[in-house]
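Participant: The sequence shown: position 105 = 105 (my numbering), numbered continuously.
Just to be clear, a hint being listed does not mean it is correct.
What the hints assert, rightly or not - Derived Cβ-Cβ restraints for the label pairs, each shown as a range:
(1) Val124 - Phe151: 18 to 26 Å
(2) Phe151 - Thr36: 19 to 27 Å
(3) Gln92 - Lys29: 36 to 44 Å
(4) Asp48 - Glu80: 16 to 24 Å
(5) Gln42 - His117: 13 to 21 Å
(6) Ser121 - Asp48: 16 to 24 Å
Since the hints were derived computationally from the structure, they do not count as laboratory data. Only a predicted model underlies this, so the values are computations on that prediction, with no experimental measurement involved. No residue lacks a Cβ here, since even glycine has one placed at the ideal position from N, Cα and C.
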Amino acid sequence: MKKAGLIICLLLLIGCKTKTVNRDTEDLKIKKVSGTEINSSQQQKAYDLGKRVLSTCNTSKFKPFNETEVTKSVMENTTEERLTKTCQRFRQYYGSFIDLKLDGVYKTKHEVIYRYHALYSKKVANKELRVFVNDENLISAIKSMDWDEKFDAKLANQ
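Sequences and hints are given; from them, build the entire structure.
Facilitator: Put into structure tokens, the structure is as follows:
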């Protein structure tokens, strides 16, 4: 009986092989966009929505996104509860949010990425906000992270 169980387990292990996912490396490449290629209305939309999210930390009031601004997943993930939790931590460490300063615009095969330096009242704050805009001109992601001084250098090594 033990041998039969062992044989079945071995057959299951042999039958389960890992799947290889073929991804086009072009999907993963990020290229810097020159100033002449930037869509100014899209840039303004990215700035406005990014600022709206971070300004919530100062006002404690968030105007929810709608279907013409963001994707469904961003709408579902950007809740007042989640923002409040993040804002409490940000205000404690970085102070009041002041503004966003555009540092660069980047493009992948399917998205445009607006990279902003987030300016706060405390000088220790060194944060960035990345706003991702998809092919349908909807915000597909908003990410806040520590500022990466070597971001452009990493792109050159792709």
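Participant: Does each hint hold? Answer for all of them.
Facilitator: Hint by hint, here is what the structure shows:
{"no.": "1", "hint": "Val124 - Phe151: 18 to 26 Å", "result": "holds, 20 Å"}
{"no.": "2", "hint": "Phe151 - Thr36: 19 to 27 Å", "result": "holds, 21 Å"}
{"no.": "3", "hint": "Gln92 - Lys29: 36 to 44 Å", "result": "holds, 37 Å"}
{"no.": "4", "hint": "Asp48 - Glu80: 16 to 24 Å", "result": "holds, 19 Å"}
{"no.": "5", "hint": "Gln42 - His117: 13 to 21 Å", "result": "holds, 19 Å"}
{"no.": "6", "hint": "Ser121 - Asp48: 16 to 24 Å", "result": "holds, 21 Å"}
The structure fails none of the hints (numbered hints given earlier).
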